[in-house]
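> Chains as they are written, first to last, in the working numbering: chain A, 1 to 579; chain B, 1 to 576.
No lab work stands behind these hints: they were computed from the structure. Quantities reported herein were computed from a predicted structural model and do not represent experimental measurements. Please note that the accuracy of each hint is not assured.
[Unchecked claim] Pulled a few chain B residues facing chain A out of the computed Cβ check, cut under 10 Å:
#1 I205
#2 R405
#3 D459
[What the hints assert, rightly or not] Listed next, the stretches of chain A that the computed footprint assigns to chain B, with coverage defined by at least 3 CB atoms under 8 Å from CB atoms of chain B:
#4 20 to 30
#5 243 to 250
[To be verified] Which stretches of chain B does chain A cover? Using the computed rule of at least three CB atoms under 8 Å from a CB of chain A, they are:
#6 102 to 114
#7 407 to 420
For glycine and all other residues, C-beta sits at the position ideal for the given N, C-alpha and C.
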Amino acid sequence: MKNSQTIKRVLSYTRPYRGSMIAAFAGAVFYVLFTLLGPVLTGLAIDQIFEPGRVNFQGIFYALLALGGTVLAAAASQWVMSVATRKISSLAAKDLRQQAFEKINVVPLKFIDRHSHGDIISRMVNDADAVSEGLLQGLTQLFPGIATILGTLVVMLVLHPLIALVVVLVTPLSIFFAGFVAKRTAHLFRQQSAAQGRLSGYINEMVSGQQIVKSFGYEKECMEEFDQISQVLFDSGLKSVFYSSVTNPGTRFVNSIVYAAVGVIGSLTVVGGGFSIGRLFAFLTYANQYTKPFNEVTGVLTQLQSAVASADRLFALIDEPAEPQDGPDALAPESCEGRVEADQVCFSYRPDVPLIEDFNLEVRPGQRIAIVGPTGCGKTTLINLLMRFYEVNSGAISVDGVDINRLKRNSLRRLYGMVLQETWLKNATVRENIAYGKPDATDAEIQEAARAAYAHSFIKRLPMGYDTVITPGGGNLSAGQKQLLCIARIMLCQPDILILDEATSSIDTRTEMLIQRAFEKLMQGRTSFVVAHRLSTIQSADRILVMKAGQIIEQGTHTSLLEQDGFYAKLYYSQFAVE
Amino acid sequence: MKQLMSNFKGYYKELILGPVFKLTEAVFELFVPLIMARMIDIGIANNDTGYIIQNGLLLVLLGALGLAAALTCQYFASRVAQGFGYSLRKKLFHHVFRLSEREYGKIGTDSLITRLTNDVNQVQTGVNMFIRLAIRAPFLAIGSIIMAMTINLKIGLIFLISTPLIVLVLYVIMNRSVPFYGRIQQKQDRISRLAGENLEGVRVIRAFSKQESEIRQFDQTGNELAEVTIRVGKISAALNPITYVIVNLAIVAIVWMGSQYANLGILASGDITALVNYMSQTLLALIVLANLIVLFTKAIASAKRVCEVLDLQPSMAAPEQTPDAPGSEEKIRFQDVCFSYHGTENALEGITFSLKKGQTLGIIGGTGCGKTTLVQLLNRFYDVGSGSILVDGIPVQDYRLEDLRGKIGLVPQAARLFSGTLRENLKIADPEADDETLWHALEVAQGKEFAEALPDGLDTRLDEGGKNLSGGQKQRLTIARALVKDPEILVLDDSASALDYATDAALRRALKAENRERTVLMISQRASTIKNADRILVLDDGCQAGLGSHEELLASCPVYREICESQGLITKEADA
């Protein structure tokens, strides 16, 4: 079965912690054993009281001494069990998470581009947590629970088979009852959570769109609808909460029947002379507690189910195939001249939708290539292929005449410097961010790079200067400042080939000019590919690649393309010319 | 907290009777060990089978009565809790819509949503559990002590020692472990953040070949998380064993002392079993109590967060009635308007312009220059810091808000639609509008063609936020929505940004062709979009950098020139 395979695999993560595992099991066994002995010993002590004046104090003393001993032993073994299982479950979850994280750093980009990041994160955080919790509960509740059920049964049978039979027959009633309630209320809970979901969705939409609601004078209708959905939640919530809260009193009632039955039958047996009061006491204690492990076990089983589902999701991520390894004889050049060629390259994201076909390109060292086209035309695809984020289907791309498939991926990528429009900075200090590609850079080098990227002056004005921590998402910097930092990051590395992605419009004019200047400085003497939105960039390019729907449909210089009077000319006039 | 209490209105009966019934059940439960003791001490001792069976039946009867009482309580508790939650949610939601923009900024939209959903639920659960358990658990604990003392005062003293001891242990262990949970949450947040950062930055990370160091950083955080969980595990693992030891040592003491008294004939063995039972019961009750306290702490924290919102008063007051218009020539006037979001740096400074009925004003400038702020002020989502804004000659503060906003058709920057059909979305602007009006609006907004092509036309359902539409389609719908209102003033806040140039131009032509004497505010980053406006306002970092026609500005306003040049609208002069 698939489930048992998953469980086996989860358990295989406990293997490195075998010592703790043994401790956990030993703890559980002793814990159950000693706990079961408690009532028997108490009963034994009570049985030494015959009648006033006839009390066997020595017997009581020994029984109580033994009781004290077992209590301490039970407590100690429970502690060992809890600590050991906590350790195992935390460390196993950590290992799972780390494996998943390592995996996302080696999977092809295709995987990351196609999957929701929220989903991947939730697998690494929530699902790993669920697995850990399942492991913990499974070890601390399932095994001891079953052991307790069996142990109690044995002890009761030894004490008195007939009364044991009563307990065994009546107790399941409460489990059936709980199961019955759970089954009957399941649809109520679904209704409630559907209503809850609808209401949350409505609140979310309306509160975040409150300006629209207000500016269209829609408040009254909005309130009415809210009240309506709220009413549905009230109705379904009332039912589901009430019916599910029936379980506890119900099982308590069944318990009281068992208790009364044991009490009556036990007492009658004592009267008949086949039983002692102490044993009756022990029996009553067991009868009282017998449902507890059942409830625990059923509770754990549902939790285990969801833990297994979580584990499956997590394993699916861990089992994702990695990018193929670099070949053993792959080259690792430290630098290059910057000659880039594409020879009959074909590429598509999906086999049934051809995208780039028979693409040829020859870029001499130091040339500037502008890539233009409407949004979604596949400019990023080109970057993906050049940096080998995606692999070509056929044909070859080469740098300095060497097929990039023969280079180590990391070496190839380090030849390039890339500034994307969507800036990405780490949640770390400005200094660490600039030195991202060269962690051993000195402060002087970092400052020099920042100056060259026109970032130094704004960095200086940040509250902690170069030690200012960039908040997650970079909220404490403007879009333009973030871009300048990304440029500084490249300045420091001095790569041989550049890939620049001009921002469309989200940057104020002043910063925009600084960025332009920094770009200009970077491109000096380097082969560069620029995704261009600016007229000046296009005009000064050695060659323009015009892309449309993934295809490179025209190539040439600005003037030659205008002369062609094709798509580029149309694009140019619609976008840049005065109406 | 007074704000919360009022939500119990209509449920006072249940609020009082619920705990009373619960208490009744607890009282019955307290009698059980006593009855069992009598079965042993009287029934068995006298070989009285009738007495034994009688008492056995009494036990069942008590159980049944307890069941009935408990069910009644559970019902009342669910009613109160759901009713309370319903009332609180409604009150909060209505209140939230009375607040002004500044309050939203103070608390944050996301946080408001959480408070309306999670926090209200948390408080609701708290109320439910309070009625069900908050009275029962302490009552059972104290009741057990009292019952024990009635059986034997001196042995009862053992309870007086052991019970506080258990409470102390519960308190110390919980108190020491709680701070760790905050730290665990922090580490988990950090793990999510690192994972998110890694996924988002995958291209940069691989371009710089930084996978190794990213993994190292993640591993370190993972190790820290495991370390904290193991540490808190060690602390909380002590809870059960220690309480178990205390209770059982107390039982040892009870049995030992009990046997002394039994020897003297003061106590019978049945009494001893009852005492031992009371001791076990105390522990169970206290553990329930401990869990309850955790739950209540959460509920109280949530209640505080809810009250914080309820205590907020809208910072802007608006009159109930709008004064009569003085018959002004000017549709809109901004006079020396200054505004700041946080009271420190001005987001807008010294903005002055006026616009006649039917005129179009273009507003241009880079991101963060205050364009959207200006629209917010016109709609009176915020009040100006100084200066004044007049619409039809009346200051915006003197308007009834509905009247002011009724004049303005706003097309916000973010094309936000609600879930529901296309028709429902358009009719938000005017619930009375007929299909003809809707189609006309769509036509002007250049959305007719694609709306017609939709499978169910106006009845096509939009997913939440219109996720099943493209950005351009959504934008056209938001424009149509504003037009359905047939507003006197149309505000297009960078609304054409998702449209291509041709559609953008067609939209402007269609608006003009409608010829409704409509005053239009057109905000854009594209010079080509606004260059034909009657007047153009150029904003630079919140300041008015220029006001005039395209030609005038080209001659007089360097910022405007710069923008036009960078967008290729004019070619750079050799000396510029």
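> Cut-off 8 Å, C-beta pairs, minimum 3 residues; does the coverage of the stretch 243 to 250 of chain A by chain B stand?
holds (count 5)
> When the nearest CB of chain A is found for B/I205, is that gap smaller than 10 Å?
7 Å, holds
> Tell me whether the statement that chain A covers the stretch 102 to 114 of chain B is true, taking a Cβ distance below 8 Å and needing three residues at minimum.
Holds: 4 residues of the stretch 102 to 114 of chain B have a Cβ under 8 Å from chain A.
> Are 3 or more residues of the stretch 407 to 420 of chain B near chain A, judged by a Cβ distance of less than 8 Å?
holds (count 6)
> With 10 Å as the cut and Cβ atoms as the points, is B/D459 at the interface with chain A?
Constraint on B/D459 not satisfied, violated at 18 Å.
> Can you confirm whether chain B covers the stretch 20 to 30 of chain A, using C-beta to C-beta distances below 8 Å and requiring at least three such residues?
Result for this restraint: violated, n = 0.
> Against chain A, with CB atoms and a cut of 10 Å, does the hint on B/R405 hold up?
5 Å, holds
In this structure, the earlier hints numbered 3, 4 are contradicted, and the remaining ones agree with it.
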